[in-house]
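Chemist: What follows is each chain in one-letter form.
4 protein chains.
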Amino acid sequence: MTPEPIHDIAHLAHVELLTDKPAESLDFFVNILGLTESGREGDSIYLRAWDDYEFHTLKLTAASRTGVGHIAYRATSEQALARRVAAIEKLGAGIGWVGGDLGHGRAYRFHDPDRHVFEIYFDTRKYTPPPGERPALKNQAQRNHGRGCAVRRLDHVNLLARDVAAIREFLPAALGSRVTEQIVLDSGAVAGCWLTVNNKTYDIAYTRDFTNSEGRFHHVTYAVDQREHVLEAADIFLENGVFIETGPHKHAVQQTFFLYVYEPAGNRVEVANAGARLILDPDWQPVTWTETERKKGQAWGLKTIESFHTHGTPPVASDH
Amino acid sequence: MTPEPIHDIAHLAHVELLTDKPAESLDFFVNILGLTESGREGDSIYLRAWDDYEFHTLKLTAASRTGVGHIAYRATSEQALARRVAAIEKLGAGIGWVGGDLGHGRAYRFHDPDRHVFEIYFDTRKYTPPPGERPALKNQAQRNHGRGCAVRRLDHVNLLARDVAAIREFLPAALGSRVTEQIVLDSGAVAGCWLTVNNKTYDIAYTRDFTNSEGRFHHVTYAVDQREHVLEAADIFLENGVFIETGPHKHAVQQTFFLYVYEPAGNRVEVANAGARLILDPDWQPVTWTETERKKGQAWGLKTIESFHTHGTPPVASDH
Amino acid sequence: MTPEPIHDIAHLAHVELLTDKPAESLDFFVNILGLTESGREGDSIYLRAWDDYEFHTLKLTAASRTGVGHIAYRATSEQALARRVAAIEKLGAGIGWVGGDLGHGRAYRFHDPDRHVFEIYFDTRKYTPPPGERPALKNQAQRNHGRGCAVRRLDHVNLLARDVAAIREFLPAALGSRVTEQIVLDSGAVAGCWLTVNNKTYDIAYTRDFTNSEGRFHHVTYAVDQREHVLEAADIFLENGVFIETGPHKHAVQQTFFLYVYEPAGNRVEVANAGARLILDPDWQPVTWTETERKKGQAWGLKTIESFHTHGTPPVASDH
Amino acid sequence: MTPEPIHDIAHLAHVELLTDKPAESLDFFVNILGLTESGREGDSIYLRAWDDYEFHTLKLTAASRTGVGHIAYRATSEQALARRVAAIEKLGAGIGWVGGDLGHGRAYRFHDPDRHVFEIYFDTRKYTPPPGERPALKNQAQRNHGRGCAVRRLDHVNLLARDVAAIREFLPAALGSRVTEQIVLDSGAVAGCWLTVNNKTYDIAYTRDFTNSEGRFHHVTYAVDQREHVLEAADIFLENGVFIETGPHKHAVQQTFFLYVYEPAGNRVEVANAGARLILDPDWQPVTWTETERKKGQAWGLKTIESFHTHGTPPVASDH
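Residue numbers (UniProt numbering), protein chains in the order written: chain A, 1 to 320; chain H, 1 to 320; chain F, 1 to 320; chain Z, 1 to 320.
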């Protein structure tokens, strides 16, 4: 019999983003993207979308550089967390336990093969809305305040890596992630890989870093309920002078309806909608796109914009 | 430590619906709802939505009565299936193994406390599109043919039961389902209960059968990608003379954007969109709606239509 | 040869609404509906939607009662205005010239047969956005600020009248309006009438006032670009505790996708979308709905809510 | 006093399109775009969208070349038609009366300065739906059959011209059209001009033909009710192998949400949505875009695709 799927990790929990323009970045995330601040500590501000159930999904940290601080996943139970820690230690990728912060209890940190820092935890702090933020419908974390793009929840993160094939081996072993789609070039190199720990079609994606830098960040994505909300987000970005890199359009890979912008410090942010698409099949076979297929561009023919392959944070010399 | 969540069942797989007007029902499901026929055997026609990955999600069977034949869930592995069979047998609810049909291999059948027939299986037949149905994007089961409402995938089923509280105990024990929302009346009676085995907010719902009949069916739901598609479905139903019972509107419970119609034999069918809402929290606590809260009607104030509480299939004397 | 269509009046220009809760009404129109204040004078505040080209489309006036102050149309030219004044004086409906206000120059006032006050003018003050309100695209009056429902432009007004048949004669004679749709009861009484001066399917509607009061107001409507925006408005109203009377749903008459709420003083306000529907035919024949046809409810079967027939402003004893 | 606006022409009525692949073109227009055939005569097939009120809005004519046969406008009355004929004859642009065809009575033909053939008429044949095409709502020309893109109505036509400035003088004089937007290059040359005879923001556009050919065609556009329908059209084109040139995206000029494809014979076809945007102002001043402004690309930053400036029908040597 084939080995059983692993369900130890529940979901992508939060992303720590570094900014060297903290005031401008905060204004973007709160007033334009529409996140809500739930707390501050040290150089960090904790932010969340109106239907994120935890204390935060974005930890915005003032720093001397941009890019990602760490990526966090929440385990399905303490027992599951212990199993993952054991697996990661066996892989030799562990960093060790940290005490947690405003948003959650103790967490276990590790590196992916590209030196991005991850953490996993179970003990969390769920968001309790203050009076003015209580939703009209009790099955929602916070009222939909309608501010800016008013994104609903964290969706996924996209990282750059020198060796995506190594990631493709590592994450399933470390977290129990499944590869749902990938791009394999004619040379056999893996140019992109999309993985998930649950029924979302992906919660993390890696694309190849052609600069050979390590630990870089491509984008973080928040989900909206409808494709029309992505179009409205485009109008909001336009009216607020936010740089729109590409979109709205529909990806061929994963079929996500996307829109990419840069927040003031240069980190790429996506607003996206996946429609009703989910991976329900427990033995889903990865969809592999060839180099020829990817040359067709996005779903409706839009050519992939050059900066999508070159711009990451922190920027490096060869970035555009 | 609290017990760990169970992940033995992957998803709701298909529903067998009985019709005493097979030709009219088939025309509805194919040309108006937009399903595609994948096979026929005996009195049954196998149907699926364009992004359903299995051979079928609806088995439409000509019969002398309406209502539901059986409800099927797919397990996450053979091992998980064996665990569920053991659990169900321990509950004394088992019927036994059946050999499968055109759509899947052997399956284990059981009764819920209201005598609805369920089956669980792992061995399935995945849909392979014939040349004319091949999708432009290879990460999709079949081309989106755009016929009728062109629903994307099976979403959930809703059954009637005399004792919903009994169901609320049974399904988590049998399938590892989680209760995500429920309605508890002032009397303590459970008027409705929504459960899921995965990250969908629910794949099955039970509402109280006030006629005290057993084994009755409330509705089956197919998902579309956008709320606008539900509105378009309303226009399609209108133009085709399909009886619209209620909607489009947004449910308070689960926030689903809904539209209910009756197919020609009287079985209720829903076209729905859930937006980006998912249950990602591994220790999600059930949301309990009180009688007073439910008297407010649906999310935007629409009063729940009387027939929603009374019409089920097969009809009984006290039905309207 | 048949007489030529009249094009002397360009469009519905603004509505003066009376409120006995001016602070609460202002908060509703600015922060929830999403209008912008362009000026104040005396007891009135001038408001407009972000793509209204004139200084204002809503004049909100503090008063001891609710309902409508006056309704204004803009003429296509000074010559056209003079022709209309002559026609109205011939009808014996004239009140006389007034000097205008913050929003426009001199205007000619008259009564409709139900004693609502109208005015027509040509000389107007076009909106010039201050720096913070300049749009990114210069073909738009003001930036789309995204505040509240962020409605785009004034759409139409609906008044109550004891004798709708009299209105149906009067408005075409006074303004050159065309009747596009109407409801004629089995008794021959006209229960509703929709008229337009341009290619919009209607800019004014009258429905019968069963209380036999005069000069009452039914609702004012602002248009949004998409049906999805009406659904979003419903969520915004829900979260802000605004009373939703009925909708979102699609009218059978005129096919407008509608949502009705009461602003804090009790005046009914609609957020609506007409899709791409226009009256382009220069010899369009009025569509007449019978009593039987109207008993089918709205387009998708929603029964017309009772208060829609009874609630007007100012309220009268027999109102609900 | 300034001269009064002219209202002699009601609307763009139909476009005759030439195809050298008549069977393939017909399949595209009927089964993919979703028009309905209302008649045939000679080499022509008459087609219309489901809410077009006339017998046809597209006359598809088999020919040895592609491009446009003629463009027709309907007058507001017989008297108005006579006035326009007199004006056109005075301009020296007249061709003379023709007897009409299946779709309308006698029409007056003339040339624009780029030698495109136009006709104007008042006497028309309104569409009467056969039993199977009767709409559920009587205020609609035909049932919304939901076939293909199921476009609602003809929207506008775009022609190429060597001298757009000459057109900008001619059409207002000939038809009473108003210039609503234009692109004026730094050289003073007019690169594009958008005109309307009614409240639509434009019913015809001209863009500069850099090949110096005459009488060429750029595209014809059908309107859908919602932006989401444009996105769905993109999926339909994708699944049917139709070449998508560019879009969906939002134009900066006129803000139209657009999608361009080539029908099998190479004529460009647009599916578009204008939201609630109308030109209601009777003294609207043309919006003039500079060369610098237009270099910013479309509303959300999409660069205008090269072929948009070069591909016209019939193709000429310098076309791409």
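These are computed hints drawn from the structure, not numbers from a lab.
Hints are not guaranteed to be accurate.
Note that identical chains are pooled: a pair holds if it fits in a single copy or bridges any two copies.
Capping the alpha-carbon separation at 16 Å, the derived lysine to aspartate or glutamate pairs in EDC-like fashion look like this [stated by the list, open to error]:
| hint | residue 1 | residue 2 |
| --- | --- | --- |
| 1 | K303 | D281 |
| 2 | K126 | D27 |
| 3 | K303 | E245 |
| 4 | K296 | E245 |
| 5 | K138 | E293 |
| 6 | K296 | E78 |
| 7 | K90 | E291 |
| 8 | K295 | E306 |
| 9 | K303 | D186 |
| 10 | K303 | E41 |
| 11 | K126 | D281 |
| 12 | K126 | D283 |
| 13 | K138 | E291 |
| 14 | K90 | D20 |
Chemist: With identical chains, the pair K138 and E291 could be close in the same copy or across copies; at 16 Å between alpha carbons, which is it: within, between, both, or neither?
Modeler: between (47 Å within a copy, 14 Å between copies)
Chemist: How do K303 and D186 come out at 16 Å by Cα distance, when the copy is not named: within, between, both, or neither?
Modeler: The answer is neither: 19 Å in one copy and 30 Å across copies each exceed 16 Å.
Chemist: From the Cα coordinates, with 16 Å as the cut-off, is the pair K126 and D27 best called within, between, both, or neither?
Modeler: neither (24 Å within a copy, 32 Å between copies)
Chemist: Indicate which option fits the pair K90, E291 if close means a Cα-Cα distance not exceeding 16 Å: within, between, both or neither.
Modeler: Answer is neither: 35 Å inside a copy and 53 Å across each miss the 16 Å cutoff.
Chemist: For the identical chains here, do K303 and E245 meet the 16 Å Cα criterion within one copy, between copies, both, or neither?
Modeler: both (12 Å within a copy, 11 Å between copies)
Chemist: How would you classify K296 and E78 at a CA-CA limit of 16 Å: within, between, both, or neither?
Modeler: neither (45 Å within a copy, 39 Å between copies)
Chemist: Within a copy, between copies, both or neither: where do K303 and D281 come within 16 Å Cα-Cα?
Modeler: neither (31 Å within a copy, 37 Å between copies)
Chemist: Using 16 Å as the alpha-carbon threshold, which applies to K90 and D20: within, between, both, or neither?
Modeler: This pair counts as neither: shortest intra-copy Cα distance 36 Å, inter-copy 60 Å.
Chemist: Given identical chains, is K126 near D281, meaning Cα to Cα at most 16 Å, within a copy, between copies, both, or neither?
Modeler: between (30 Å within a copy, 10 Å between copies)
Chemist: At most 16 Å between alpha carbons: which applies to K296 and E245, within, between, both or neither?
Modeler: Between copies only: 12 Å across chains, 19 Å inside a chain, cut-off 16 Å.
Chemist: State whether the alpha carbon distance between K295 and E306 is at most 16 Å within one copy, between copies, both, or neither.
Modeler: within (13 Å within a copy, 18 Å between copies)
Chemist: State whether the alpha carbon distance between K138 and E293 is at most 16 Å within one copy, between copies, both, or neither.
Modeler: between (45 Å within a copy, 10 Å between copies)
Comparing the model with each earlier hint shows violations of hints 1, 2, 6, 7, 9, 10, 14; every other hint is respected.
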